[in-house]
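Participant: Chain residues, written in single-letter form:
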Amino acid sequence: MPRSVNHSLQRIGAVLLRYLFLLRSSWPRLIELAFWPTLEMIIWGFTSRYFSQHTDNIAYTAGVLIAGALLWDFLIRSQIGVSMSFLEELWSRNLGHLFISPLRPWEWIVALIASSIMRVLVAVVPAVLLAIVFYHYNLFSLGLPLVGFIGCLFVMGWWFGFLVISVILRFGTGAEVLAWMLIYAIAPISAVFYPVAILPHWLQAIAFILPSSHIFEGMRAIIIHGYFDAAQMAWAVGLNIVYLFIGVAVLWFSLQNARYRGAILVVGE
Amino acid sequence: MPAVEIHNFSKRYGAVTAVEDLSFSIPQGQLVGLLGPNGAGKTTTMSALLGVLLPTAGTVQVLGVDMVHDRFRALPVMNFSSPYVELPYRLTVKQNLIVYGGLYNIPNLRARITEIAQELNFTHLLERKAGKLSAGQKTRVALAKAMLNKPKVLLLDEPTASLDPDSADQMRTFISNYRAQTGATILLASHNMAEVEQLCDHILMMKAGRLVDQGTPAELVARYGEENLEKVFLSIARENQGEHQNAA
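Protein chains in written order, with the numbering used here: chain F, 26 to 294; chain S, -1 to 246.
Warning: the hint list may mix true and false statements.
[Claimed, not checked] 25 Å max Cα-Cα, derived SDA-like pairs, lysine to any residue:
id, chain 1, residue 1, chain 2, residue 2
1, S, K229, S, V210
2, S, K127, F, V30
3, S, K150, F, V147
4, S, K127, F, L55
5, S, K150, F, V30
6, S, K130, F, R28
7, S, K150, F, F196
8, S, K92, F, R118
9, S, K148, F, S51
10, S, K130, F, R54
11, S, K92, F, R284
12, S, K148, F, V30
13, S, K148, S, E117
14, S, K92, F, R129
15, S, K130, F, R129
16, S, K130, F, Q78
17, S, K148, S, P81
18, S, K127, F, R284
19, S, K92, F, L115
20, S, K127, F, I56
21, S, K148, F, P127
22, S, K127, F, L112
23, S, K130, F, E113
24, S, K148, S, L61
25, S, K92, F, A139
26, S, K205, F, R286
27, S, K127, F, V150
28, S, K150, S, K229
29, S, K92, S, G12
30, S, K148, S, S188
31, S, K150, F, H32
32, S, K130, F, W116
[To be verified] DEER-style ranges, computed between Cβ atoms:
id, chain 1, residue 1, chain 2, residue 2, range
33, S, E117, F, L45, 21 to 31 Å
34, F, R286, S, S174, 45 to 55 Å
35, F, L146, S, D199, 47 to 57 Å
36, F, L34, S, A216, 21 to 31 Å
37, S, R221, F, M206, 57 to 67 Å
38, S, P25, F, P53, 33 to 43 Å
39, F, V202, S, E217, 53 to 63 Å
40, F, I157, S, R71, 15 to 25 Å
Just so you know, the hints here were simulated from the structure itself, not pulled from any lab data.
Backbone N, C-alpha and C define an ideal beta-carbon position, used for all residues, glycine too.
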């Protein structure tokens, strides 16, 4: 392996290790990570059970709600994973040390992504396993397309997180609430628990440009109709590629802009 | 090749000028003091040298590397310490040094951490969380982080801030020995004039974003006809440097 690649991997590993140390040092953080996905799974699990006993609607009885809740958590935890890693640096006023080190911006971005994967696994896997135990709902019953759905939700969380970081870099810690808030703003048009068709026409047009709406439509196609809608997956992948490119570009521009404003050493203060 | 070379460096934020037309160079192996009252432009200058601030005009080079466009060639052999840029407070001192050792690709990292902890006398703090350290202990650990990669160019902002006189003296000895042993170039910003007088070969005096004077501590003291560097500093800060410069 070339020395430069080896050094890059070492630097990415160092940043990841920093987040691992952080998680390991705080059991409340670990519990908090897994708490919300598990709580949501329990609520939607009981809701599903109620509907299954009081309605003939196959959508509710077949686990659409619980699958939607679990997959939605993959998206928000992926986004929050990226944003939180950045916020940890702001809160500890450590961003300056990172950016005066040999850590390249792309290495930092890879480390944020790796950290996001780590946080999602800690957060969502317990909820997925508990759904099997409590509600006999196995998310893995979605089969191979599940890998595609989860992959797309991860990527969407990343580029969304990059945009959130860019806003916080520009406006400072006063904007940190966006790290939790913004992703929920797209929940109504992501069609997590109901089809896009139920939205007003003008909202359907907006939903169409979100990868998440295609992912949840694809999920429902498998659960309710038993087929894999390749077109929905293609839309989700295509849109994600475009948005990931935009997200990285915006983050890169924001970092350059922070260098221009001299904000790197003082941001977070 | 100078270790540091700044040429016609200016930084403006809209109507506010932080640094105006600053030029200086530092030969390799020198320990130079960057002095000036608050708002003089010291942090702006250091930020530009670290590549985290883009100039409005001018060039900034470290070891011949353009810090605007090519900073990653120089950053592995540079480092920086400041009491105003902290280390992650939830990590232990050792974890912090492991993370930063990884970022600087330090070989035999564990041995290096042990070595630097012994040299700076904080072995007993390695397992303590950074957030639980006293201000003086934080300053020592921050210096250790800055020394991990044995930098050829070291920027120190208030390296003895919050230290008691004994600890501060140990730090000064450490910095001085490090320079003598490695030939490193050190740029030091401090408000402790006795410290600057003791450590520095050369002094750059800044005020209101401009370089207003420079020389060895002895030259400056003699030029201004003062007893010591602190009085020189006060003289410059109180805006009567013009006549002295003309006389010089």
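Participant: Against each hint, give a clear statement of whether it holds in the structure.
Facilitator: Hint by hint, here is what the structure shows:
1. Restraint check for K229 (chain S) and V210 (chain S): satisfied, since their Cα atoms lie roughly 15 Å apart, inside the 25 Å limit.
2. Proposed proximity of K127 (chain S) and V30 (chain F) is contradicted: the alpha carbons are some 32 Å apart, above 25 Å.
3. Using a Cα cut-off of 25 Å, the hinted pair K150 (chain S) and V147 (chain F) is violated, with the two alpha carbons roughly 41 Å apart.
4. Note on K127 (chain S) and L55 (chain F): the hinted pairing holds, with a Cα-Cα distance of about 18 Å set against a maximum of 25 Å.
5. This hinted pair checks out: K150 (chain S) and V30 (chain F) have alpha carbons roughly 23 Å apart, not beyond 25 Å.
6. This hinted pair does not check out: K130 (chain S) and R28 (chain F) have alpha carbons roughly 37 Å apart, beyond 25 Å.
7. In summary, the hint linking K150 (chain S) to F196 (chain F) is not supported, as the alpha carbons are separated by about 35 Å, beyond the 25 Å threshold.
8. Our distance criterion of 25 Å between C-alpha atoms is met by K92 (chain S) and R118 (chain F), whose separation comes to about 18 Å.
9. Only pairs whose Cα atoms come within 25 Å are accepted, and K148 (chain S) paired with S51 (chain F) is rejected, the gap being roughly 32 Å.
10. At roughly 19 Å between alpha-carbon atoms, K130 (chain S) and R54 (chain F) fall within 25 Å of each other, so this suggested pair holds.
11. For the proposed pair K92 (chain S) and R284 (chain F), the alpha carbon gap of about 30 Å is over 25 Å, so the pair is violated.
12. Of the pairs offered as hints, the one joining K148 (chain S) and V30 (chain F) holds, with about 22 Å between alpha carbons and a cut-off of 25 Å not exceeded.
13. With a C-alpha separation of about 13 Å, the suggested pairing of K148 (chain S) with E117 (chain S) holds against the 25 Å cut-off.
14. Note on K92 (chain S) and R129 (chain F): the hinted pairing holds, with a Cα-Cα distance of about 23 Å set against a maximum of 25 Å.
15. This hinted pair does not check out: K130 (chain S) and R129 (chain F) have alpha carbons roughly 30 Å apart, beyond 25 Å.
16. Pair hint K130 (chain S) plus Q78 (chain F) does not hold up; C-alpha atoms about 55 Å apart against a cutoff of 25 Å.
17. Simply put, K148 (chain S) and P81 (chain S) have alpha-carbon atoms about 19 Å apart, close enough for the 25 Å limit, and the pair holds.
18. Under the criterion of a C-alpha separation no larger than 25 Å, the hint pairing K127 (chain S) with R284 (chain F) is inconsistent with the structure, at around 30 Å.
19. Between K92 (chain S) and L115 (chain F), the direct Cα distance comes to roughly 21 Å. Compliance with the 25 Å bound is thereby established for this hinted pair.
20. The straight-line distance between the Cα atoms of K127 (chain S) and I56 (chain F) is roughly 21 Å, inside the 25 Å bound, and the hint therefore holds.
21. Under the criterion of a C-alpha separation no larger than 25 Å, the hint pairing K148 (chain S) with P127 (chain F) is consistent with the structure, at around 14 Å.
22. The straight-line distance between the Cα atoms of K127 (chain S) and L112 (chain F) is roughly 19 Å, inside the 25 Å bound, and the hint therefore holds.
23. Straight-line distance between C-alpha atoms of K130 (chain S) and E113 (chain F) comes to about 17 Å, which keeps the hinted pair within the 25 Å bound.
24. Distance check on the hinted pair: K148 (chain S) and L61 (chain S) sit about 15 Å apart at the alpha-carbon level, within 25 Å; holds.
25. Between K92 (chain S) and A139 (chain F) the CA atoms are separated by roughly 23 Å; this keeps the pair inside 25 Å, and the hint holds.
26. In summary, the hint linking K205 (chain S) to R286 (chain F) is supported, as the alpha carbons are separated by about 21 Å, within the 25 Å threshold.
27. Between the alpha carbons of K127 (chain S) and V150 (chain F) the distance comes to roughly 30 Å, so the proposed pair goes past 25 Å and is violated.
28. Restraint check for K150 (chain S) and K229 (chain S): not satisfied, since their Cα atoms lie roughly 32 Å apart, outside the 25 Å limit.
29. With a CA separation close to 42 Å, the supplied pair K92 (chain S) and G12 (chain S) exceeds the 25 Å bound.
30. Simply put, K148 (chain S) and S188 (chain S) have alpha-carbon atoms about 21 Å apart, close enough for the 25 Å limit, and the pair holds.
31. As the CA atoms of K150 (chain S) and H32 (chain F) are separated by approximately 19 Å, the hinted pair is consistent with the 25 Å bound.
32. Taken as a hint, the K130 (chain S) and W116 (chain F) pair is honoured in the structure, with Cα atoms around 16 Å apart against an allowance of 25 Å.
33. Between E117 (chain S) and L45 (chain F) the C-beta distance comes to about 28 Å, which sits within the given range of 21 to 31 Å.
34. Hint check: R286 (chain F) to S174 (chain S), Cβ distance near 36 Å, so the stated range 45 to 55 Å is violated.
35. At roughly 54 Å, the beta-carbon separation of L146 (chain F) and D199 (chain S) lies within the given 47 to 57 Å, and the hint holds.
36. For the hinted restraint 21 to 31 Å between L34 (chain F) and A216 (chain S), the CB-CB distance of approximately 50 Å leaves it violated.
37. Checking the proposed 57 to 67 Å range against R221 (chain S) and M206 (chain F) shows it holds: the Cβ atoms sit about 59 Å from each other.
38. At about 53 Å, the beta-carbon gap between P25 (chain S) and P53 (chain F) misses the expected band of 33 to 43 Å.
39. Separation of V202 (chain F) from E217 (chain S) is about 54 Å and conforms to the stated range, judged on CB atoms against 53 to 63 Å.
40. Here the CB-CB span from I157 (chain F) to R71 (chain S) is close to 53 Å, at odds with the stated 15 to 25 Å.
Violated hints, listed in ascending order, are 2, 3, 6, 7, 9, 11, 15, 16, 18, 27, 28, 29, 34, 36, 38 and 40; each of the other numbered hints is respected by the structure.
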